[in-house]
Amino acid sequence: DQQVKQNSPSLSVQEGRISILNCDYTNSMFDYFLWYKKYPAEGPTFLISISSIKDKNEDGRFTVFLNKSAKHLSLHIVPSQPGDSAVYFCAARPPYRGSTLGRLYFGRGTQLTVWP
Amino acid sequence: DVKVTQSSRYLVKRTGEKVFLECVQDMDHENMFWYRQDPGLGLRLIYFSYDVKMKEKGDIPEGYSVSREKKERFSLILESASTNQTSMYLCASSLNRPGQGAYGYTFGSGTRLTVV
Chain A
573 DQQVKQNSPS
583 LSVQEGRISI
593 LNCDYTNSMF
603 DYFLWYKKYP
613 AEGPTFLISI
623 SSIKDKNEDG
633 RFTVFLNKSA
643 KHLSLHIVPS
653 QPGDSAVYFC
663 AARPPYRGST
673 LGRLYFGRGT
683 QLTVWP
Chain B
1361 DVKVTQSSRY
1371 LVKRTGEKVF
1381 LECVQDMDHE
1391 NMFWYRQDPG
1401 LGLRLIYFSY
1411 DVKMKEKGDI
1421 PEGYSVSREK
1431 KERFSLILES
1441 ASTNQTSMYL
1451 CASSLNRPGQ
1461 GAYGYTFGSG
1471 TRLTVV
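Just so you know, the protein sequences line up as chains A and B, in that order.
Numbered according to the numbering used here, the first sequence spans residues 573 to 688.
Numbered according to the numbering used here, the second sequence spans residues 1361 to 1476.
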C-alpha cells in the first residue's frame, strides 16, 4: 500500500516556463517531506525539503509547497532549464521512533523533460 | 566530500549465482538502506539497518539477505540470483538523530545488475 503517490509518471515543459510536480500522501503522521532528483545511471540527490510545520520552502529556482489538510505537496521549478530533465522523487518521513528511525517512503517518481 | 560508495557500477551474473553487493559510507551514519529501482515502480526498499548487526525487512526482502558487521559497511546478498532481480540497486545512509535528518538520505551511485 503506497503511502506516497506521484500520479504523473512524466511531465514535459518548455525551457523558461514553470514545472510543477505533484505528490500526495496518506499518512498524516509524516513530519518531513523531501524531493530528490535522479539522473540516469546515478544515485538520487537531495533537492529540497520541508517540515510539516511549514507550508512553503524556497531555494533558488525550487519551491516546495505543503498543504497538510489535503495531504498534498508540490515542487515548483521556475524557470525550468534543460539540465533539470531528470526523475524527481517525492519522499516522506514519519517521526523518529523505534525501528522506523529515519526511514523514508518514496513515490514512484516523475520524469521531467525540459525542452528548448 | 562525504560519500556512499558502491563497489560496482555494472555487474553481470548468471542465474543461480550468489551475488554480493557492497556499500560503504564515511559519514558515521547509523542507518543504511538497500533499494532497487525499476521503471514504473520507483524506489522499493529491500532491507535496512539502524545499527551494527541489526537488520529490518523492507517491502520486498524475498530472495535477499543483508549483513552489517561494521557501522560503515552494509552488504546486500542475492542468495541465488534470478532474472527478475535484474535491476538498479541503490544503497543509502542517514542519521537517526532527530533534528539532523532534514536532508534524509545520502545515496550511492548505484549498481546496475543484470542476471542472465
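Hints may contain errors.
Stated by the list, open to error - Covered stretches of chain B, going by a simulated chain A footprint (3 or more residues, C-beta under 8 angstroms):
1) 1403-1417
2) 1464-1474
What the hints assert, rightly or not - Straight-line C-alpha distance at most 25 angstroms; calculated DSS-like pairs for lysine-lysine:
3) K1417/B x K577/A
4) K1431/B x K1363/B
5) K640/A x K609/A
6) K1363/B x K609/A
7) K1417/B x K1378/B
8) K1430/B x K1417/B
In case anyone wonders, no lab produced these hints; they're calculated from the structure.
Backbone N, C-alpha and C fix where the C-beta goes; we use that ideal spot for every residue, glycine too.
8 angstroms C-beta criterion, at least three residues: is the segment 1464-1474 of chain B covered by chain A: holds (count 8)
Coverage criterion applied to the segment 1403-1417 of chain B (partner chain A; beta-carbon cut 8 angstroms; 3 residues): Answer holds; 5 residues pass the 8 angstroms Cβ test.
Restraint status (C-alpha distance of K1363/B to K609/A at most 25 angstroms): Distance of about 17 angstroms is within 25 angstroms: holds.
Restraint check for K1431/B with K1363/B, where alpha carbons must lie at most 25 angstroms apart: Holds, at about 14 angstroms.
Agreement of K1417/B and K1378/B with the hint, judged by alpha carbon distance not exceeding 25 angstroms: OK: K1417/B and K1378/B at ~19 angstroms, within 25 angstroms.
25 angstroms Cα cutoff - pair K640/A, K609/A: Between K640/A and K609/A the Cα gap is close to 23 angstroms, so the pair holds against 25 angstroms.
Hinted pair K1417/B and K577/A, Cα distance within 25 angstroms: Judged against 25 angstroms, a Cα distance of about 22 angstroms means the pair holds.
Given pair status - K1417/B, K1430/B, alpha carbons within 25 angstroms: holds (19 angstroms)
Consistency with the previously given hints is maintained throughout, with no hint failing.
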